[in-house]
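Chemist: Sequence:
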Amino acid sequence: MIQRLPGVLILLFYLPVAQSQPIDTLRGDLELLASIPDARHLAADAEGKLYVVTEREIVLLESDGQEQFRLGGSGIDDGAFEEVLDIDPGTGLVWAVADAGSGRVMRFSRTLLHLESLFVPPASYHGKPVRASREDPRDDEWQDTGRPIAVAVSLGGELFAIEEDTRRVLKWDASRRFERIIGGFDAAIGQLQEPISLAADAEILYVADRGASAVLAFDYYGGYLRSYPARSDVTDVWIAESELWIVLRDAIWIYTEGDRRTRVLHFDLEAPILAAVAVKPWIVLLTAGKLWRVNI
Numbered sequence: 001m002i003q004r005l006p007g008v009l010i011l012l013f014y015l016p017v018a019q020s021q022p023i024d025t026l027r028g029d030l031e032l033l034a035s036i037p038d039a040r041h042l043a044a045d046a047e048g049k050l051y052v053v054t055e056r057e058i059v060l061l062e063s064d065g066q067e068q069f070r071l072g073g074s075g076i077d078d079g080a081f082e083e084v085l086d087i088d089p090g091t092g093l094v095w096a097v098a099d100a101g102s103g104r105v106m107r108f109s110r111t112l113l114h115l116e117s118l119f120v121p122p123a124s125y126h127g128k129p130v131r132a133s134r135e136d137p138r139d140d141e142w143q144d145t146g147r148p149i150a151v152a153v154s155l156g157g158e159l160f161a162i163e164e165d166t167r168r169v170l171k172w173d174a175s176r177r178f179e180r181i182i183g184g185f186d187a188a189i190g191q192l193q194e195p196i197s198l199a200a201d202a203e204i205l206y207v208a209d210r211g212a213s214a215v216l217a218f219d220y221y222g223g224y225l226r227s228y229p230a231r232s233d234v235t236d237v238w239i240a241e242s243e244l245w246i247v248l249r250d251a252i253w254i255y256t257e258g259d260r261r262t263r264v265l266h267f268d269l270e271a272p273i274l275a276a277v278a279v280k281p282w283i284v285l286l287t288a289g290k291l292w293r294v295n296i
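Under my numbering, the first residue of the sequence shown is numbered 1, with each subsequent residue one higher.
FYI, nobody ran anything at the bench for these hints, they're computed from the structure. Do not take every clue at face value.
Stated by the list, open to error - In silico DSS-like cross-links for lysine-lysine, where the CA-CA straight-line distance does not exceed 27 angstroms:
{"id": "1", "residue 1": "Lys49", "residue 2": "Lys290"}
{"id": "2", "residue 1": "Lys49", "residue 2": "Lys280"}
{"id": "3", "residue 1": "Lys290", "residue 2": "Lys280"}
As the list claims (entries may be wrong) - Restraint ranges, calculated between C-beta atoms of paired labels, are given here:
{"id": "4", "residue 1": "Thr256", "residue 2": "Glu47", "range": "21 to 27 angstroms"}
{"id": "5", "residue 1": "Gln193", "residue 2": "Glu67", "range": "20 to 26 angstroms"}
{"id": "6", "residue 1": "Ala288", "residue 2": "Glu47", "range": "23 to 29 angstroms"}
{"id": "7", "residue 1": "Gly101", "residue 2": "Ile189", "range": "32 to 38 angstroms"}
{"id": "8", "residue 1": "Asp29", "residue 2": "Arg263", "range": "15 to 21 angstroms"}
In this text the structure is predicted, and so the values were computed from the model without any measurement. Just so you know, even glycine gets a beta-carbon here, dropped at the ideal spot from N, CA and C.
Build the full structure now, drawing on both the sequences and the hints.
Modeler: As structure tokens, this is what we get:
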């Protein structure tokens, strides 16, 4: 049953960043959609379906919070997870899952078929990452794996993953051939410090960097474009149509075209916000073990 918490959401609409006074204030009700123990991340597809990441499962829900099924298994071919941290469902047809425990980025079809696994190399591996699938296990030159903690897929099928230990973004092309490293030590002003989350639109990769207290934007060739100031408590980044959402522990900062911040949404919740998505006409929030939604 959906619980309702009246009047706990405050929406502040701002003029351009230089003007600090809000021009309007609205109030709304938060509804508890579902309780999912160990929930750690949230995503949504174009149809409005919700994907909640727990340590060893992906939980798929309808936009009203009704659970459809859970993805997990007893063997790698069945999609077993060791420490899953993120999912990008793309259009809903093929899902990319970051499993830090196994050092893999795994791809699944909408029918729950495990398509392939891309092994992510550890920090000690100085060569280029290699493609690895069920038929082609890991490179013999390295036995350990890195820790992919976030994943994003472009509209063209290019795949990006954050490797935690090296604090860099790895990119594979649409055929899952490794292509480049983004935000490494040679990136100068675009060097990443503590990347934690990814989002991709038609042309730009956005990286939430907790260490830099910002979201950094790169083109798909790895070129640094700009930074969006945030705070050290940034938890997620999300693309909602033409808007860039920077998710903080207690708020969402919304940017439209360019670097113009147009809205700030403040939330009064007992636990920090871990992730947020837009499922019209709702905003869905994830806190520790709980899914909330608000109609604005």
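Chemist: Now tell me if each hint is right for this structure.
Modeler: Do the hints match the structure? See the list:
For a cut-off of 27 angstroms, the pair hint linking lysine 49 to lysine 290 stands: about 16 angstroms separates their Cα positions. Between the alpha carbons of lysine 49 and lysine 280 the distance comes to roughly 11 angstroms, so the proposed pair stays at or under 27 angstroms and holds. Under the criterion of a C-alpha separation no larger than 27 angstroms, the hint pairing lysine 290 with lysine 280 is consistent with the structure, at around 19 angstroms. Under the hint 21 to 27 angstroms, the C-beta atoms of threonine 256 and glutamate 47, about 24 angstroms apart, fit the expected range.
Checked against the hint of 20 to 26 angstroms, the pair glutamine 193 and glutamate 67 fails, with Cβ atoms roughly 37 angstroms apart. A beta carbon spacing of about 27 angstroms between alanine 288 and glutamate 47 agrees with the range 23 to 29 angstroms that was offered as a hint. In this structure, glycine 101 and isoleucine 189 meet the distance hint of 32 to 38 angstroms, their C-beta atoms being roughly 33 angstroms apart. For the pair aspartate 29 and arginine 263, the beta carbons lie near 19 angstroms from each other, so the given range of 15 to 21 angstroms is met.
Checked against the numbered hints above, the structure violates only hint 5.
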